[in-house]
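Visitor: One-letter residues, chain by chain:
2 protein chains.
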Amino acid sequence: MSTVSRVVNPSLLRIEADYLLETANDPRSVAETMAGEQSCGTFVSVPGETPELKARSAARIERLEMLDEPVAAPSLPTTARVGPATLRRALVTLSWPIENLGPSLPNLLATVAGNLFELRAVTGLRLLDIRLPQAFADAYPGPRFGVAGTRRLAGVQDGPIIGTIIKPSVGFGPDETAALVQTLCEGGIDFIKDDELQGDGPHCPFDDRVRAVMRVVNDHAERTGKKVMVAFNLTGELDQMRRRHDLVRDLGGTCVMASLNSVGLVGMIELARMSELPIHAHRNGWGYLTRHPLLGWSYVAWQKIWRLAGADHMHVNGLANKFSETNDSVVASARTCLTPLFPDKPCLAMPVFSSGQTVLQAPGTYAALGSADLIVTAGGGIMAHPDGPAAGVAALRQAWQAAVSGIPLDRYARDHRELALALGDAA
Amino acid sequence: MSTVSRVVNPSLLRIEADYLLETANDPRSVAETMAGEQSCGTFVSVPGETPELKARSAARIERLEMLDEPVAAPSLPTTARVGPATLRRALVTLSWPIENLGPSLPNLLATVAGNLFELRAVTGLRLLDIRLPQAFADAYPGPRFGVAGTRRLAGVQDGPIIGTIIKPSVGFGPDETAALVQTLCEGGIDFIKDDELQGDGPHCPFDDRVRAVMRVVNDHAERTGKKVMVAFNLTGELDQMRRRHDLVRDLGGTCVMASLNSVGLVGMIELARMSELPIHAHRNGWGYLTRHPLLGWSYVAWQKIWRLAGADHMHVNGLANKFSETNDSVVASARTCLTPLFPDKPCLAMPVFSSGQTVLQAPGTYAALGSADLIVTAGGGIMAHPDGPAAGVAALRQAWQAAVSGIPLDRYARDHRELALALGDAA
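Residue numbers (my numbering), protein chains in the order written: chain W, 572 to 998; chain G, 572 to 998.
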């Protein structure tokens, strides 16, 4: 499925949204219903809907492109009678005057992704992309750190930021967590993140965990000059997030993490406005928004909202991942994070690769992305190295050096022992 | 699909979640993967995952009930090889110790609805219900007004609260909106709401709209003693919502409205903690969370989160609606809003019926719900009455009197002229 992300036209005065539509009705008439329902109309014309009012406020159909692919059965159930012979798919672009809502991200959601997916005539509807007028760029901060700020704080000028996740996901107390962090710091890691299940439970209170971990991180930094970036999961209510953020900052921490679908848009906007640290944005729950190809959100559309709100790092899964996502989809997600949102305000976020990542994915990831401006988090890919975590980190770094230099892994492995061992192990 | 909502066991110490699972693998092994992935495990066992740690933190399978229905094809795409012959569905209940996360709604989402829907072995997964330990009741306010508070402020002691929506959805300025509100107040309406597309756009700024509308509402209240409840859509960022709420309160308004999927959970929690008015919770966008029957959220599970966070009114669509939802689904949603969340803290929210509602749905709605503790919003059902909006309101009220008294509409219409005309019109 094509989800081409276009850079916003600087003169764009209307909000635009692209949809993949499936219907057994006339697609143009369904697109008209969508435009009406999401602007000045309702299912039927109402008395106040004058021509002047429509000219001022109506959503417009900017594009309607029929797709040829045959559709065997309705993708989504409907109470409407659907003759499969008439099912068709189309790409639809709608636009709205920004005066309907102003440059407000929360209100944007109700406009481009509100009561549309329920429409009876719709047997499939997916939001593929959105394009926003410059007023949105002026109204929101975007990532405050992004690629450059993250590299500076992590002390990694070139190549990917090599990271890992604290596992087990939950169960460790603060001291056990800190002990693992110690091992990882000594292994030369750049980045460590909490699991999204680890927040502030009684088993492992946030404050105790941060204190224990930052003691290790700061000691290591004092000894070696390298301060490992740890993304502490501060997901919670606003006051909790504020307090937790301040603790991390005060202890010299350099990153916080939040689950986007847990905090929601207003929570993220508030967090970004107050945060003095990069925000590692976790997308857990993303599956329920996207897993069906004819429903919900494409990542291309979705990540624009969160980048504009202030996400510095965005999870994109990984090549050859252990989930159900295809490599093409992962690559499209990663590329879109590194595609400017506005000409004068690119809002680039670092894509975060995870799930079953080893040395093997480095060449393919680099080839697909054309950039090493990314975070790669590997669990087994680091911890399971036959010579231990330090060798695991070294092997991953070597794999990326090979990829960036255009040298095949097996050739680079000839004089890079850690990579050679990892390849032997991974083969 | 059965989505029975059970009242929480007061002694429940673990969080429970019910899922509908579809897989071509062994359902028990998939349930074990789900439990592992969402607690102390990962795809493979990790070194720190000791028996003691597992005993303390692991998620448990509480129930696994195979369903007999044949599955012809995988409901969701997957990169796994799926033999259709082995596709099966099961009801799965998982449980977690509350010590993993504490009574935190944002962290609950990552636990019960996190990285599960992406699992490769899963070709369908839907969260059907959740049950929470008492600690959650202690940690969150729940609806501050609910049924009783809303009835008191709306001045409606019996029967449904009869309401309508400002249409056109957008396009009216403040004065045009106030003029329509005047007509509706004179028509004897109880409740009016902004459309979810109407927030604070330049075409109809929130402050101007509230001032113009409250002038009408307050004048009407002074003349008649009846203060119509208007749900002003304050959806926006936190400071905006706070300021807008205060303006509505200061002008004597009695309700605010927020779009749940726009503000998100932290936004809603903050709004509820500060609000001195009932919160009319709009579910626009709900379709992308629920429209596919083997993906996402059931309303039974979803509405518990928002009620506990503080929603006073919850949208449930309506019988014979103009969307794709079945009547059974609408009834299940409405009933669950009126089912206690905790024995000592019921957190009841008023269900809001909408979409093509007329006098015709009153008997069926009352029969299915067994209660008139609800808000019904009708557009054409009121405005299109041949004798005008006042007769439209009267007819809807009469239809509900008939329904509650168990009298067929056509019989009640014999000596209720407005209902008779509405029936003639609606037939």
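Don't take every hint at face value.
It does not matter which identical chain is used: a pair holds within one copy or between any two.
[Stated by the list, open to error] In silico lysine to any residue, SDA-like type, Cα no more than 25 Å apart, as pairs:
(1) K893 - L865
(2) K916 - R585
(3) K798 - A643
(4) K625 - P960
(5) K625 - T754
(6) K625 - P745
(7) K893 - N789
(8) K625 - G951
(9) K625 - T604
(10) K798 - L994
(11) K916 - T664
(12) K916 - R652
(13) K625 - P979
(14) K625 - A750
(15) K797 - L662
(16) K625 - D915
(17) K893 - I736
(18) K916 - D779
(19) K916 - G951
By construction, these hints were calculated from the structure, which means they are not laboratory data.
Visitor: Confirm or reject each hint.
Guide: Structure-based check of all given hints:
For a Cα distance limit of 25 Å, the shortest separation of K893 from L865 qualifies both inside one copy, at 22 Å, and across copies, at 21 Å. Taking the closest pair of Cα atoms, K916 and R585 come within 25 Å of each other only inside a single copy of the chain (18 Å); across copies the shortest separation is 46 Å, beyond that limit. For the identical chains of this complex, K798 and A643 are neighbours neither inside a copy (56 Å) nor across copies (54 Å), given an alpha-carbon limit of 25 Å. Taking CA atoms no more than 25 Å apart as the test, K625 paired with P960 passes between copies only; the shortest distance there is 24 Å, against 63 Å inside one copy.
Taking the shortest alpha-carbon separations for K625 and T754, only the inter-copy value of 22 Å comes in at or below 25 Å, while the best intra-copy value is 64 Å. Taking identical chains as interchangeable, the C-alpha atoms of K625 and P745 lie at most 25 Å apart only when they sit on different chains, with a minimum of 17 Å there against 60 Å within one chain. For a Cα distance limit of 25 Å, the shortest separation of K893 from N789 qualifies neither inside one copy, at 34 Å, nor across copies, at 60 Å. Only between protomers do K625 and G951 lie at most 25 Å apart by alpha-carbon distance; the minimum there is 19 Å, versus 58 Å within a single protomer.
Only within a single protomer do K625 and T604 lie at most 25 Å apart by alpha-carbon distance; the minimum there is 14 Å, versus 53 Å between protomers. Within a single copy, K798 and L994 get their C-alpha atoms no closer than 29 Å, and across copies no closer than 74 Å, so neither meets the 25 Å cut-off. Proximity of K916 to T664 under the C-alpha cut-off of 25 Å is restricted to the intra-copy arrangement: shortest distance 24 Å within a copy versus 46 Å between copies. Taking identical chains as interchangeable, the C-alpha atoms of K916 and R652 are never at most 25 Å apart, the minima being 47 Å within one chain and 43 Å between chains.
In the homo-oligomer, the alpha carbons of K625 and P979 never lie at most 25 Å apart, since the shortest distance is 60 Å inside one protomer and 41 Å across protomers. When the C-alpha separation of K625 and A750 is checked against a cutoff of 25 Å, the pair qualifies only between copies, where the shortest distance is 19 Å, while the shortest distance within a copy is 64 Å. Proximity of K797 and L662 under a CA criterion of 25 Å is satisfied in neither setting, with 50 Å inside one chain copy and 49 Å between copies. Taking identical chains as interchangeable, the C-alpha atoms of K625 and D915 are never at most 25 Å apart, the minima being 32 Å within one chain and 51 Å between chains.
Proximity of K893 and I736 under a CA criterion of 25 Å is satisfied intra-copy only: 15 Å inside one chain copy versus 47 Å between copies. For a Cα distance limit of 25 Å, the shortest separation of K916 from D779 qualifies neither inside one copy, at 38 Å, nor across copies, at 32 Å. Taking the closest pair of Cα atoms, K916 and G951 never come within 25 Å of each other, the shortest separation being 37 Å inside a single copy and 45 Å across copies.
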